[in-house]
Structures are given as structure tokens and as C-alpha cells.
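Chemist: If you want the building blocks of each chain, they are given just below.
Protein chains: 2
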Amino acid sequence: MARVNRMVTLAARPVGMIKPTDFKVTEAPAPEPAEGEILIALKAISLDPAMRGWVSEGRSYVPPVAIGEVMRAFSAGVVEESRNPDFKPGDAVTGMLGAQAYAIANGRNVMKADLSAGPIERWIGGLGMPGMTAYFGLLEVGQPKEGDTLVVSAASGAVGGIVGQIGKIKGCRVVGIAGGRDKCDYVVRELGFDACVDYKAGNISRQLREACPKGIDVNFENVGGEIMDAVLAQMNTFGRVAVCGLISAYNATEASPGPANFRSILVNRLRVQGLIVTDWVKRWPEGVKDLVAWNKAGKLKFREDVRTGGLDAFATTLPLLYTGGNFGKLVLKV
Amino acid sequence: MARVNRMVTLAARPVGMIKPTDFKVTEAPAPEPAEGEILIALKAISLDPAMRGWVSEGRSYVPPVAIGEVMRAFSAGVVEESRNPDFKPGDAVTGMLGAQAYAIANGRNVMKADLSAGPIERWIGGLGMPGMTAYFGLLEVGQPKEGDTLVVSAASGAVGGIVGQIGKIKGCRVVGIAGGRDKCDYVVRELGFDACVDYKAGNISRQLREACPKGIDVNFENVGGEIMDAVLAQMNTFGRVAVCGLISAYNATEASPGPANFRSILVNRLRVQGLIVTDWVKRWPEGVKDLVAWNKAGKLKFREDVRTGGLDAFATTLPLLYTGGNFGKLVLKV
Chain X
7 MARVNRMVTL AARPVGMIKP TDFKVTEAPA PEPAEGEILI ALKAISLDPA
57 MRGWVSEGRS YVPPVAIGEV MRAFSAGVVE ESRNPDFKPG DAVTGMLGAQ
107 AYAIANGRNV MKADLSAGPI ERWIGGLGMP GMTAYFGLLE VGQPKEGDTL
157 VVSAASGAVG GIVGQIGKIK GCRVVGIAGG RDKCDYVVRE LGFDACVDYK
207 AGNISRQLRE ACPKGIDVNF ENVGGEIMDA VLAQMNTFGR VAVCGLISAY
257 NATEASPGPA NFRSILVNRL RVQGLIVTDW VKRWPEGVKD LVAWNKAGKL
307 KFREDVRTGG LDAFATTLPL LYTGGNFGKL VLKV
Chain P
7 MARVNRMVTL AARPVGMIKP TDFKVTEAPA PEPAEGEILI ALKAISLDPA
57 MRGWVSEGRS YVPPVAIGEV MRAFSAGVVE ESRNPDFKPG DAVTGMLGAQ
107 AYAIANGRNV MKADLSAGPI ERWIGGLGMP GMTAYFGLLE VGQPKEGDTL
157 VVSAASGAVG GIVGQIGKIK GCRVVGIAGG RDKCDYVVRE LGFDACVDYK
207 AGNISRQLRE ACPKGIDVNF ENVGGEIMDA VLAQMNTFGR VAVCGLISAY
257 NATEASPGPA NFRSILVNRL RVQGLIVTDW VKRWPEGVKD LVAWNKAGKL
307 KFREDVRTGG LDAFATTLPL LYTGGNFGKL VLKV
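Quick mapping for you: the protein sequence lines, in order, are chains X and P. 7 is the number of the first residue of the first sequence in this note's numbering; add one for each residue after it. 7 is the number of the first residue of the second sequence in this note's numbering; add one for each residue after it.
Looking at chain X on its own, in the form it has when it is part of the complex (with noise of 0.2 Å):
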């Protein structure tokens, strides 16, 4: 039997914003498990804005997604084959296995998905690499103490909601920043943030200041730009800017300037520092585990914005993060 993989391959190397032509579909036969191995049939990737520092050429921390190749994503499905006596047809299963309709797997680059916890779009999202990033990343990296006042920029995003319902959790006043009405009511209605910032209507410098009136003392950052550098304003000394992402940035052609308030960074004695999820892969098992306790006793929603269109709608649907066209984790069925 002969199974046809279709594939989201690299077609172009992308220039600012992504094109439908930046990625084309192909198709091959599926790949055949070997001795240790497992056929995984892909049921969903995740759309993250990482991937458009994966397609760009030049230093990053990891190396580019060459021309050709099949698309880096994190994606999650269900075993189809196994020559692994660890795992059996039927589990249900995530990694990083690409943005197409079936994986090959040696099973260590893999997790299994609990699916009483959460659906399986969930395992890519809040119980995934999303997930992962803002319990981590807040933790680790923010570390907000009880009264702190945290802001969270790409505030509805994937991984700023839950910063956000962490940083509830751990006691702080939280603050998030997004774009338009509907996220901002969202966030704070739903997510129960203390405020929401919405750089879509003026003044970000001036609605943060009403939002945080003792100052800002942990900054979780998704967008940067002039974003961040507001925020960075506001900094009270000894604060912690958690760099997560600078998505403002990602589609740029030219170089963005910087922060023009760097500075603060000395005067307020900030700690900025840049955060990679993967560097706590080891310890993923202990941020699931909070994370699906806090959903379960009803502190921590998720939300995915899961969209049909399978493969063929790959170069269409990722651009939606770069303009906030998503609401929640944007999540690609195949």
C-alpha cells in the first residue's frame, strides 16, 4: 500500500511579508518506518511566528529551512505505524515533524499527547511549544514576585495569554497590550488581565501609564519596536524584560532601529534577556503538568484558532500572525 505524502516545501526565500509563492506543495511516497522508527499521520502544525526567522537566511539559533525542504514546524498526529515498542498505532503524539501529511520518527524527538487533557491542536498550542515558552519564559526568565506588575505584549497571542494567566496566578497586576477592541475585552473579560493596552487606538506610552501607575517591573516581549520601547519607559529599577519574540520586526526589509530607550536598561538596572524555548526542553513534562492543573481547576484557558484549508492553505494562513489577523493559537488542520 502505497501511501502519497503531500509536503509544504520551501519554494523561495521570502522578502518581508510571506507570499502564497514562498511555498509550494509537492508530493512523494510516504516514507516507510524502519527498524526503531514510527509513521506518524499528521493531524495538525502549528503556525508560530518563529517561522519567519526559519526561512531567512543568516546567524540564527538554528540554520535556515533551505529552498526545497520540507517546512520546520512543530506539529501533532497520530501513530500510523510503529516499529517502536514504545509507542503503538493509535497514540497520539507531537514534535517537531514538519509541515506535512506524514513524519517518519525514531521516537526520541518525540512526546506523546494525552488527549484527555486537551484536544490535539491543544498539544501544539497551550500544552505545547506556546505553552511551554510562556511558563518557562515567565518563570525562568521574568521571574515576577507577588505584587509585581507584569506587561504582556501580543497580549492574546498564544503564548501572551498564558503569560498572562500565570503571571494571575503568581499574584501580579497584569497588564496586556493588543490590538483592537475585541482582543483587549478579550484578554481582560476572558482571560481576566487587569488591563489591556490597545496600540491600535494612540498612545501607547500614555494608556501604559494608566494601566501601570506603580511602574512596570517585569515585561514579557512578543512584538518590540515601539511596542516595547514604551515599555521600556516605564521600567521600575531592578525590572526583567523576558525577549520572547520581536514580531514587529520579522517582515522587515530594511534593519529596525533599536530601542531608543536602551538606556533605561542602564539607569533602571534592567535585566533584558532572550528566551528560546527549547532550552528547557528537559523539563517540558514539569510545565504540562502545571499547566494542565491550572486548566483543570479553571485558572488557565486556552484558545486555538484552528483553521481548515489543510496544506494548500499553509502560505495563506501564516501571514495572519504577522498582522494580527489570528485570535488565539493559530493552528492549521492537515
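Do not rely on the hints blindly, as some may be mistaken.
Because identical chains share one entry, a pair is satisfied inside a single copy or across any pair of copies.
Here are the simulated lysine-lysine pairs, BS3-like style, with alpha carbons at most 30 Å apart [to be verified]:
id, residue 1, residue 2
1, 307, 295
2, 49, 25
3, 151, 288
4, 288, 220
5, 305, 339
6, 307, 30
7, 25, 176
8, 305, 25
9, 49, 94
What the hints contain is simulated information worked out from the structure, not anything from laboratory work.
Dock chain P against chain X, hints included.
Modeler: Just chain P, lined up with the frame of chain X:
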């Protein structure tokens, strides 16, 4: 006997580079020490890059010096009269005693200087604020490990020269950045740095790459601007940037752009942290002890650039710091 105090006071808030007319010397009867106080005849005034910030309006870590007020300065002198049992005439002391001929202190805000370990100007230099900045800034914030590559900007300056020598003591490859051949030669031949990048010779990035073939693990940053940007681009994963000074922007009249390579913080998971020496004020004796011991063991050299001309020369001597006109710790003899 009426002693006359001469005081450098702030005459106008500087715009851009400090001008002679921004300060004036005024005279008044010297104050008399009250019970518990001492009268100090100041001998040497420390001229520090931070002074530019102290005379600027705006939020900083200390309030700005007011117009008409005695200029804030770390200075050193000799007790002339004592009404405090812990001090006797002839004791050498240092502290935030201002740019003036006489100062009153209550004993709690001054530190005794042991002149057997170094002349009085050294107690406002290598064994004073700059030395402590280098010691705690590098060891506590930079956290160099044996085998690390450490890059120090303003390497021939009061702080930078000591930072690099401590880096060598801790087993680092130490690369300085300084302006001009003479300073670079001094840094390498006299202070024992492994290499020095001459920022006046152009192509800082290429010079830096040649001097740091294994990339940069720790950056002790005194300058900011394009020099810091070049360093940021070559930082290794999990590197540390101790932000001690951003002197390149101190006299700017327009907002200086932030580092274009800010993204390196994210990609390389850097820890970028600001520092102000007074944060470790309770631990100063620890730093003085180590620096004196290293100096006696021949592992650490100090260099003071002592200027005469007295208080009248304050306003014309201070700008040397911002034009690279000093060579070693800039001190003004009273």
C-alpha cells in the same frame, strides 16, 4: 579663623557637550563642623562620565543637580577638624563630597583611605568608584568563566582598564576597544589585554572578528552606539552584556537610536543587564581588599590622569571624558 570654601556650582543646564559657562566657581565661608561632624579639606575630585547624566533633567537613578547647587562629585581629602570620635585630623577620606574645597560629613557617608595602599587620587580611582564598578560589574553581572572571551569598551579608561585586568586574572581572553594606537598599545602592552580594537581605525566589526575568533561571551559595555552594536552581533549563545555606560550618547541633543542588533539578545539568549556601582556599596571593602591584593601581587595596574588647574579648571577638564582626551582615570587636583 574664617576659611573660604570655593565651590564648582552648576550655572546652566548643559545642552549637548558641556561648555565652560555651564559651571561657575563661587566662594563662601567654609562651614563649621557640628557635633559628630568632620570638616574635610578636599585634595582631589573624581571626574566621571556619569556626571553628564547628573546635570541633565529627566528621570535617572539620582535626581539631577540643581542650578546653583554644588556639583555632585566623588572626591577625596584630609580631615581638617573633627568633632567625631571615629576621625582625627590628618585622616584621608573619600565620599560623595562634591566639587569644592571643603566639605562637611557626618562620618557615615565617608570611607577612610589607607594611603599605604595607594596615593589619595587612587582612592577616587582604581580603589574608589571606578575600581568598584569594574570589580562588581564584571564579577556580579558579567560573570566571566575561565576561557571566556571578554570584550571591554573604553578599555583604557578608569573602569575598562581594571575590568580587562580582572578578566585576565579570571582566565579570560580579553579584548579591549579603545580610540587610537597609543591607547591600544597601552591596553595590550601595559595592562596585558590579549588584543585591542582601535575604533578610530575603522571597520570595528572585522577587527573584532579577528580579535575574537571564538565569538564573545562577555561584553563589559561603557560606550554604546555603533561599538556596542558591533559587539552584539558577535555575541555567543548565553553571553552576558554588563551595561555600565553608554558614553557615546551622553552629550547627544537628539534621541540616539538603540542597537540595531537588539535581536541578538533574543536569538543568542543574551542576558543584558544594567549596573550602578552604588548597588554594591555595602560590599565595597570586599572589592577594595581584592584589588589591593592583586595590585600588590603585580597582577593589576592603575593609571590616573591627574590634572592640575584646580576647581577653576573643572568645566574645561570634564569634557575630555567625552572626547577621548583623557588617558586613565581622570582626576582633578584641588
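Chemist: Out of the numbered hints, which ones does the structure contradict?
Modeler: Result: hints 6, 7 and 8 break, sorted rising.
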